[in-house]
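**Q** Here are the chains, one letter per residue:
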Amino acid sequence: MRRLLQSALTGAAALVLGGCATMSAGSHVEPTIDLRTFYSYQWGPRDALPIADPRLDEDPTFHDYVQGAIEKQLTQHGLDFAGAAQPDLLIHYHATVATRIDVTSADREHGYCYGADCSARVVEYEAGTLVIDIVDARSNRVIWRGWARDSVTGVFDDRDRLHRKIDLAVRRIFDEFQKTALGGAR
Amino acid sequence: MMRARCLTVISIVLCVSACAPVLVKSFRHPGADLSRYRTYAWAADAPHSTGDARLDSNPFVDGAARRAINRALASRGLEESAAAPQLTLRYFISITQKLDLAGVDSTYLTCEECSPSVYDAGTMVIDVFDTDTRALLWRGWAEGTFDRVIDNQRALEQRIDEVVAKIMARYPPG
Chain A
2 MRRLLQSALT GAAALVLGGC ATMSAGSHVE PTIDLRTFYS YQWGPRDALP
52 IADPRLDEDP TFHDYVQGAI EKQLTQHGLD FAGAAQPDLL IHYHATVATR
102 IDVTSADREH GYCYGADCSA RVVEYEAGTL VIDIVDARSN RVIWRGWARD
152 SVTGVFDDRD RLHRKIDLAV RRIFDEFQKT ALGGAR
Chain B
26 MMRARCLTVI SIVLCVSACA PVLVKSFRHP GADLSRYRTY AWAADAPHST
76 GDARLDSNPF VDGAARRAIN RALASRGLEE SAAAPQLTLR YFISITQKLD
126 LAGVDSTYLT CEECSPSVYD AGTMVIDVFD TDTRALLWRG WAEGTFDRVI
176 DNQRALEQRI DEVVAKIMAR YPPG
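These protein sequence lines map, in sequence, to chains A and B. Terminal number for the first sequence in this note's numbering: 187, no gaps in between. Terminal number for the second sequence in this note's numbering: 199, no gaps in between.
Watch out, some of these pointers could steer you wrong.
Claimed, not checked - One side of the interface only, derived from the structure: several residues of chain A facing chain B at Cβ under 8 angstroms:
| hint | residue |
| --- | --- |
| 1 | H29 |
| 2 | H95 |
| 3 | V104 |
| 4 | T130 |
| 5 | R146 |
What the hints assert, rightly or not - Calculated cross-link-like contacts (lysine to any residue; reagent style SDA-like; alpha-carbon spacing at most 25 angstroms):
| hint | chain 1 | residue 1 | chain 2 | residue 2 |
| --- | --- | --- | --- | --- |
| 6 | A | K180 | B | E182 |
| 7 | A | K180 | B | G88 |
| 8 | B | K50 | B | D145 |
By construction, these hints were calculated from the structure, which means they are not laboratory data. Built from N, CA and C at the ideal position, the CB exists for glycine as well.
In isolation and in its complexed conformation, chain A is listed as follows (with noise of 0.2 angstroms):
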């Protein structure tokens, strides 16, 4: 049976991401530069471009939360906080929260049907990225960039669920870690 996809392209969009998408990871290194051979780590300068989220711009519970855990994670692949002394690596990081669109046909396998033959639907979500950059601090250059990538519609609402997203998308982001930079398994 026939479906007009114009509805479903101009009309409103559902809020609710279809079951194929699952957060995303990835990650580039400097290729000629042992990341092994570093040890300690500062933060780096706080990141001066907005998150284009009211909800979260200059929320200082959401960046103790996200700075939190990859703390975490910086300890658990064998980097110590510098304090005061002279850091091997900055580690800065970004967030930003974009609306993306999605078609998926998947929701039939719950049960949901959005037409009479259950085909493609567009839906449009709010998709938010992590970023950390990984930068040596002595020639001051970004040495490894890690990112994830996932759906956050409704995860601002509830702080639980925001934590569970930013503790999963840092520990996607530090297994390409461990990964492209450190030589595989721990």
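Following the hints, position chain B against chain A.
**A** What follows is chain B alone, placed relative to chain A:
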């Protein structure tokens, strides 16, 4: 079952990425004789938003783009010269999400066995200026998918190499 469905959708997206053509265009300022230039330098860094936080101020992407452009210019006999550049170069990459209406009837917007998908579309622009007059002599750009490559450094660098080669193939011979 859910996993199988996801894999199907991902396969569609990968096919779209692999099959999507790169649209390449260029513009030359009327009267510009690019064959008389022999040296160039990169414009001073001016941070710009790419539309994707993964790529903003990303030194690895910047390095890959510059290496690819440098190679293309060297093959045309142009030399990088910080001291006395006759040309000044800059490039931009911009990412936007687009909808691929694969199988949708374009006249009636009806969908019968269609497989629409979304993908990250990228536009790369390379500008060449006369250093002295600051006039834009040549602009080349390419539009194509960057979907599923940004998370993978090697795949992204290959994509950048491919896009730069296609843009610079339109640069006038020296």
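**Q** Indicate, hint by hint, whether the structure satisfies it.
**A** Structure-based check of all given hints:
1. The beta carbon of H29 (chain A) comes within 4 angstroms of a beta carbon in chain B, closer than 8 angstroms, and the hint placing it at the interface holds.
2. Because the closest C-beta pair between H95 (chain A) and chain B is about 6 angstroms apart, less than 8 angstroms, the hint holds.
3. A cut of 8 angstroms between beta carbons decides the hint on V104 (chain A): the least distance to chain B is about 5 angstroms, and the hint holds.
4. At its closest, the beta carbon of T130 (chain A) sits 4 angstroms from a beta carbon of chain B; the interface hint therefore holds under the 8 angstroms criterion.
5. Because the closest C-beta pair between R146 (chain A) and chain B is about 6 angstroms apart, less than 8 angstroms, the hint holds.
6. Taking the CA atoms of K180 (chain A) and E182 (chain B), the gap is near 19 angstroms; set against the 25 angstroms cutoff, the hint holds.
7. Proximity of K180 (chain A) to G88 (chain B) is assessed by CA-CA distance (about 22 angstroms); at most 25 angstroms being required, the pair is judged to hold.
8. A distance of roughly 20 angstroms separates the Cα atoms of K50 (chain B) and D145 (chain B); the hinted pair therefore holds under the 25 angstroms criterion.
The structure shown violates none of the earlier numbered hints.
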